[in-house]
Amino acid sequence: MQFEYNVDGGNFTRAGFASSEIKKILKKLNVDIGIIKRTVVATYEGEVNIVAHAYSGTIYVDIDTERIRITLKDEGPGIPDIDQAMEEGYSTASSQVREMGFGAGMGLPNMKKNADEMQISSEVDKGTEVEIVMFLHNKE
Amino acid sequence: MKVKEIARLLDARIVCGQEREDYSIDVAFASDLMSDVLTLKNDNVLLITGLANMQTIRTAEMSDIQCVVFARNKRVTPEMTTLAEDNDLVVLECRYSVFKTCGLLYQAGVEPIF
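Taken in sequence, the protein lines are chains A and B. Under the working numbering, the first residue of the first sequence carries the number 1, and numbering increases by one thereafter. Under the working numbering, the first residue of the second sequence carries the number 1001, and numbering increases by one thereafter.
Watch out, some of these pointers could steer you wrong.
Said to hold, decoys possible - In silico lysine to any residue, SDA-like type, Cα no more than 20 Å apart, as pairs:
#, chain 1, residue 1, chain 2, residue 2
1, B, Lys1004, B, Met1054
2, A, Lys37, B, Asp1026
3, A, Lys24, B, Glu1085
4, B, Lys1074, A, Lys37
Derived by calculation from the structure, the hints in this document are not laboratory data.
With the hints as extra help, turn the sequences into a complete structure.
Okay, structure coming up:
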């Protein structure tokens, strides 16, 4: 089962729409509520990152009987130093992002905490791709 | 503590979710930083905040938080109310500061998360 959602950079009013739709789908599929919460929190953090930092992005959702895989791919400035970006408290967010209640340098670390697996790759001036996987049976 | 008791204690207005006034919260958390809210693992959390925007409602939705008190006289916009209603959230507006709101709830026995 596959879905995809477009995310506009800078559009804070709409940020969270994709994560909300994904939550509805997972509920309909009767996925364990703990797994739903971890999935949508991680996805929402990623969606807010796209809105906060990128020009545009797409969230790809792929669900099978074993796992949920969510890939958040954006066109944007990219991340020069991924290790630094993964550090709690490190942020390059604008004051506008901070006014929305984000930009404290907690998004990527919280995605990692909630996901069973996470991979991140980025190219400066091109964009960033974050993939998270949640296993449906053996909770890790 | 039930929503109706929270509303009475804080002299707060229930903006939406009136039909859920018997919903009961277990613990409370106060923050204007949604990133901190998104790290919570508890169930039946009451969120107290002075940050009134769409992302506050979205954060509550993603975190399975069903009751939000907007303190410091912050107003909930019609757009926020619609999104809250779509997600069966109970939303209250309260004129007290976050400090006083938390103080009254704590005094009445509402537990913190940590």
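I'd like to know which numbered hints this structure contradicts. Please list them from smallest to largest. 1 and 4
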